Amino acid sequence: MGRYDFAPQRVHAHATQLLAQKRIANPPPWYNIIAAIPPAERLTRPPLQRSQRPGGKKASRLFKPLRLQYEEDRLRWDYFNDHPWELAKPRVVLEDDGRDAEKWDWSIPLDHALNRPKSGATSEEGVRLDLEWDGIHAQQAGRPINGEAVVQRTNDLLNSGIPSSHASTIALAEFARHQHYTETSLRVAREEALATGAFFGPGPLEIGMMLEDRQYEGWRQWAEKEIVALKQLQGSAYTGQGVEGSGQDAALEGGTVGGEEGLAKE
Amino acid sequence: MILRSLLLRHGRAALSKPPTPFRSWRRHLASEVEQTYTNSHANQNYIAGGTSGTNAQAVSSLTTPSASSDQIKLDWEFFHHQKSTTRPLGTSLTPHYKPHELLSNPPRPEDITLELLLASQAHIGHSTSLWHPANAKYIFGVRGREDPIHIISLDATAAYLRRACKVVRGVAERGGLVLFVGSREGQAGCVVKAAKLAGGCHLFTKWIPGSITNGQQILGKCAKRVVNHLDESVPGFEKQLLRRAAVKPDLVVCLNMLENYVLLHECALNNIPTVGVLDTDCNPTWVTYPIPANDDSLRCVQVIAGVLGRAGEEGQAARLRSAGRGDHPARQDHGLEAPSEEDVDATPLEREMALLRAAEAFEEEGVVAGREGEDGEADHVDASLTGAGGPEEDGVDVPYERDAPIEGGADERVEFSPVVDHGSKVGDEGEWATKAEHDIEQKPGPERRERS
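Chains as they are written, first to last, in the numbering used here: chain A, 1 to 266; chain B, 1001 to 1452.
Wrong hints could be hidden among the right ones.
The following label-pair restraints were derived from C-beta to C-beta distances [as the list claims (entries may be wrong)]:
hint: 1; chain 1: B; residue 1: Gln1082; chain 2: A; residue 2: Ile207; range: 40 to 46 Å
hint: 2; chain 1: A; residue 1: Arg10; chain 2: B; residue 2: Leu1230; range: 52 to 58 Å
hint: 3; chain 1: A; residue 1: Ile207; chain 2: B; residue 2: Glu1110; range: 46 to 52 Å
hint: 4; chain 1: B; residue 1: Leu1089; chain 2: A; residue 2: Gln139; range: 19 to 25 Å
hint: 5; chain 1: B; residue 1: Lys1083; chain 2: A; residue 2: Thr182; range: 55 to 61 Å
hint: 6; chain 1: B; residue 1: Ile1072; chain 2: A; residue 2: Leu114; range: 34 to 40 Å
hint: 7; chain 1: B; residue 1: Arg1184; chain 2: A; residue 2: His180; range: 27 to 33 Å
hint: 8; chain 1: A; residue 1: Tyr70; chain 2: B; residue 2: Lys1083; range: 29 to 35 Å
With a straight-line cut-off of 25 Å between C-alpha atoms, the simulated DSS-like cross-links for lysine-lysine are [to be verified]:
hint: 9; chain 1: B; residue 1: Lys1206; chain 2: B; residue 2: Lys1098
hint: 10; chain 1: B; residue 1: Lys1083; chain 2: B; residue 2: Lys1073
hint: 11; chain 1: B; residue 1: Lys1098; chain 2: B; residue 2: Lys1137
hint: 12; chain 1: A; residue 1: Lys58; chain 2: B; residue 2: Lys1224
hint: 13; chain 1: B; residue 1: Lys1098; chain 2: A; residue 2: Lys103
hint: 14; chain 1: B; residue 1: Lys1073; chain 2: B; residue 2: Lys1098
hint: 15; chain 1: B; residue 1: Lys1224; chain 2: B; residue 2: Lys1196
hint: 16; chain 1: B; residue 1: Lys1221; chain 2: B; residue 2: Lys1206
hint: 17; chain 1: B; residue 1: Lys1137; chain 2: A; residue 2: Lys64
What the hints contain is simulated information worked out from the structure, not anything from laboratory work. Computed from a predicted model, the values in this text were never measured in an experiment. We put the CB at the ideal spot given by N, CA and C, even for glycine.
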């Protein structure tokens, strides 16, 4: 082909030719291993999707990569359209071992941390509920409870047969309860810290205001210089001393033509 | 996730008493050591355990100037006892991702899993508008509504990565030189580590165009040495190495293909196989063994480089094992001749003088002086990697224009004629001397000249 160079794929064949022509006496060290493990084929395009309906006028999408769609996408669309500020919350996308899906159990409610049974509580079968809660909490306490958690919880509820509107209501209620608890505890902790002598630096709003003030100061100094320059320019059109009055007065005062003196005075 | 040891909250109750000999030694020395460790928090007995209220044995430092080895030994044991008793206290972290471990303890080829590649962000490709359509078969799908990106298929990544590992292991096992190249910011660490493991070379700065095709000019000054099958340096080849340019690699691993297209092109010209990390916007025909993965993620690149380095390490170990057993690998072309007696026996100073004289004589006459062509060398001389004596060793006495040494000690400038490739892309092979790595029997001269 014209603009492709297949030399990298043909290193072994090339070396074989060189050996046959005795250009090199001995094969290079990679000769046998590349013979055993040949390079993969290049520039082939296997079908990746189903073809269009036969007889269609549009070009086939058969060889284009598939657009991936999941059920949770619909839930994400609905949730983040209803709660756009959830998108502004920072989210950690770093994974440890890529097996988070195996760890997190979304059949456990999102506010599980707030639902510990009383110590010693037993169910009818005699199961210690608090110990059961402890066991679940030990495994699932690390779940990130955010918008994505709401989506996953809703999905799990839907899969267990609950109708869709009810499922989203349940998940949202759990999430709201958890958020309320954590936000309150953060607020209380901050108040306690302030009351016991801690001090915090400027928050993001204060820092934003400081930056804006700094920019404004810079602009103000620039503007002052510009005003002075503009006045000079305007003053140079008229003769006479540097008068603060109107241009007409300055012109009536008289003086040399050209106004170089005016300029020099400024 | 952090697990809290609910039972071992209080150190005092949890700590067991130290072993008896230790305690007896401490008590024995208590009379000598008058200065006890005073802790205002009244937990002086935290090492002794219990609430016996005995003399504080938590002595951290002793002021006796005559610190004998016994005292040091006691301190050492004390320290380790303290450590082992207090270790189970407090929180314990579940295994999690530690970025430095990718450099200090890289994963092995057996550790390649789809989950590892997923966590390393190897599946994240570029925007769909920037793709190279030839990579369609490595792509799992498209994600995103507004600005869609391609998702690289991790099955393909794992399969191609394992294949590349086998190649690297095989090349290292046969004594080939592997060059690891990664010129993006932050890739230096993994490139150097992989090269160290595989016994190869590394490059983490810009590839100077022409380093292979114009090597005698660009890399003429680099250090060269001849090693035997056990990787020990063999003396006596310094004069021959003077006129040899740098070694060409046998396999090049490139971690950012788009920036190093010149390097890959030079390797193609010189018939050197290449391995490369292929993103969705790279040309797959540029390398021999592509690894479809994300080259923009440092974690992904470190995983790939680490795995390939480990494969090279296994190959090196296998090679040294077989070399120790006496299985010498196949012969190679290096074009070196057995050094004469005087070369080997000379003292370093005399050798230096001989080298200088040879260099000056070479520049004057244009022909290598003192050419010995004798075999009968008992020592196994190691082979170069590719090529052998090139066109200039046909027996025709032409001036060594293409192989003139660069600044060979004298002030005269040497004019270089432009290198002309006579059609064959592998014609330069003969000129290159190599860091010989295998033991090989010395080939007689006439046989070498039959080539070309």
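### Task
Assess, step by step, whether the Cα of lysine 1137 of chain B is no farther than 25 Å from the Cα of lysine 64 of chain A, and give holds or violated.
holds (9 Å)
Check the following: the C-beta atoms of leucine 1089 of chain B and glutamine 139 of chain A are separated by a distance inside 19 to 25 Å.
holds (23 Å)
Satisfaction of hint between lysine 1137 of chain B and lysine 1098 of chain B, Cα-Cα up to 25 Å = Violated: lysine 1098 of chain B and lysine 1137 of chain B sit about 33 Å apart, past 25 Å.
With 46 to 52 Å as the target window, see if isoleucine 207 of chain A and glutamate 1110 of chain B comply at their CB atoms. holds (50 Å)
query: Given the hint that lysine 1224 of chain B pairs with lysine 1196 of chain B, does the C-alpha gap stay at or below 25 Å?
result: holds (18 Å)
- prompt: Taken at face value, is the distance from the CA of lysine 1098 of chain B to the CA of lysine 1206 of chain B at most 25 Å?
  reply: violated (29 Å)
query: Within 25 Å, alpha carbon to alpha carbon, are lysine 1221 of chain B and lysine 1206 of chain B?
result: holds (18 Å)
Holds or violated: lysine 1083 of chain B to lysine 1073 of chain B, with C-alpha atoms at most 25 Å apart: holds (15 Å)
Exercise for the section: Take the C-alpha atoms of lysine 1073 of chain B and lysine 1098 of chain B, compute the straight-line distance between them, and say whether it is at most 25 Å. Expected result: violated (34 Å)
Return holds or violated for the Cβ distance of arginine 1184 of chain B and histidine 180 of chain A against the range 27 to 33 Å.
This hint is violated: roughly 46 Å between Cβ atoms.
Report task. State, for the Cβ atoms of glutamine 1082 of chain B and isoleucine 207 of chain A, whether the hinted interval 40 to 46 Å holds or is violated. Result -> holds (45 Å)
task = With 34 to 40 Å as the target window, see if isoleucine 1072 of chain B and leucine 114 of chain A comply at their CB atoms.
result = At 55 Å between Cβs, range violated.
Hint check: violations occur at hints 2, 5, 6, 7, 8, 9, 11, 12 and 14; the rest are consistent with the structure.
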